[in-house]
Amino acid sequence: MNNPYFLNIIVPAYNEELNISQTIKTIREIQDRVKIPHKLIVVNDNSTDRTEHIVRKLQEENDDIVLINRRGNHGLGRCINRGYEEVESGVIVVVMADLADDVSAIPAMLEKIKEGYDLVSASRYIPGGEGEHRDRLKHFLSRLLGWSLKLLVGLPTNDATNAYKMYRAEILDRVGILRSDNYTTGLELTVKAHLAGFRIAEVPTVWQDRAEGKSHFKLCKVGPEYCRWFIWAVWKRIRSGRPGKRR
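Take 93 as the starting number for the sequence shown in our numbering and just add one per residue.
To be clear, the hints were calculated from the coordinates, so they are not data collected in a lab.
Be a bit skeptical, because a hint or two may be false.
To be verified - Taking lysine-lysine pairs in the BS3-like style, the calculated list, with each CA pair at most 30 Å apart, reads:
hint, residue 1, residue 2
1, Lys149, Lys242
2, Lys242, Lys230
3, Lys117, Lys131
4, Lys242, Lys204
5, Lys204, Lys328
6, Lys149, Lys206
7, Lys149, Lys117
8, Lys149, Lys131
9, Lys149, Lys127
10, Lys204, Lys230
11, Lys242, Lys131
What the hints assert, rightly or not - Using C-beta positions, here's what the derived DEER-type ranges look like:
hint, residue 1, residue 2, range
12, Gln114, Lys328, 20 to 28 Å
13, Leu236, Arg142, 34 to 42 Å
14, Lys206, Gln300, 24 to 32 Å
15, His166, Trp327, 23 to 31 Å
16, Cys319, Arg228, 13 to 21 Å
17, Arg271, Leu243, 35 to 43 Å
18, Arg266, Trp327, 29 to 37 Å
19, Lys328, Glu152, 29 to 37 Å
20, Glu153, Val126, 19 to 27 Å
Computed from a predicted model, the values in this text were never measured in an experiment.
Here a beta-carbon is modelled for each residue, glycine too, at the ideal position from N, C-alpha and C.
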């Protein structure tokens with residue numbers, strides 16, 4: 093595979109029978125429209141519903157879908173890491189299976205990669221972006237964390253916590269596999285990439301709460317992990333001797 097822009101789309105899924113078919117259909121519609129060479133990697137995290145069955149049926153009609161079934165429910169981070177094992181080269185984007193991510197942003201993200209950026213963050217907090225936030229506390233903490241990292245660490249994105257990001261596969265060779273098991277994967281990858289010197293850009297995205305089913309996000313579990321990565325990033329910046337600055 094010699095195409096540096098070959099798109100590896102990783103879709104972690106746990107009990108997403110109500111959403112997975114529409115998610116895959118929506119992704120494929122975007123790919124068919126812009127003709128981006130791609131592979132769609134669905135990582136089923138030991139779902140107890142019909143998620144696996146639905147994806148297998150879709151595989152019969154589409155040869156670009158790869159299904160990975162994990163045994164044991166180990167969380168988002170390990171799902172994504174397992175998806176990485178199917179990536180040979182090119183570009184990676186992680187899309188949630190619940191239709192919360194606006195996949196129409198994928199072409200704009202890829203254009204930024206072609207401009208020379210290494211990681212592109214889909215941002216809810218720049219002009220053109222927006223989000224449907226039923227949980228105001230979650231929204232406030234996300235904005236606060238992004239602003240603080242931009243000020244103290246120089247992180248060049250307003251939406252560090254959003255897991256919806258596109259990046260060159262070679263970033264993983266430098267920063268290693270993700271250690272986060274939950275929704276802090278996007279934050280971990282972004283701060284590691286920034287501190288390793290990779291170029292980061294952002295494009296606007298529209299985020300909305302899941303179309304069907306119950307969210308697996310638990311602030312009481314994820315909050316401490318956000319704090320840990322925030323402290324780690326600030327500590328690394330201080331040790332480097334370079335103060336954070338806005339970009």
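* Asked: Given the hint that Lys204 pairs with Lys328, does the C-alpha gap stay at or below 30 Å?
  -> 27 Å, holds
* Range agreement (Cβ of Trp327 with Cβ of His166, hint 23 to 31 Å) -> Cβ of His166 to Cβ of Trp327: about 27 Å, so the range 23 to 31 Å holds.
* Asked: Is Lys242 within 30 Å of Lys230, Cα to Cα?
  -> 18 Å, holds
* Lys117 and Lys131: Cα distance at most 30 Å? -> 14 Å, holds
* Range hint compliance [Cβ, Gln114 to Lys328, 20 to 28 Å] -> 40 Å, violated
* Does Lys149 pair with Lys117 here, judged by a C-alpha cut-off of 30 Å? -> 13 Å, holds
* Asked: Hey, Lys242 versus Lys204, does the alpha-carbon distance stay inside 30 Å?
  -> 20 Å, holds
* Lys149 paired with Lys127 [C-alpha distance capped at 30 Å] -> 23 Å, holds
* Asked: Taking only the CA atoms, is the gap from Lys204 to Lys230 under or equal to 30 Å?
  -> With a Cα-Cα distance of about 28 Å, the restraint between Lys204 and Lys230 holds, given a limit of 30 Å.
* Asked: Quick one, are Lys149 and Lys242 close enough, alpha carbons at most 30 Å?
  -> 44 Å, violated
* Taking 29 to 37 Å as the hint, is the beta-carbon distance of Lys328 and Glu152 inside that range? -> 47 Å, violated
* Kindly confirm whether 29 to 37 Å is satisfied by the beta carbon distance between Arg266 and Trp327. => 19 Å, violated
In summary, the structure is inconsistent with hints 1, 6, 11, 12, 17, 18, 19 from the numbered list given earlier, while agreeing with the others.
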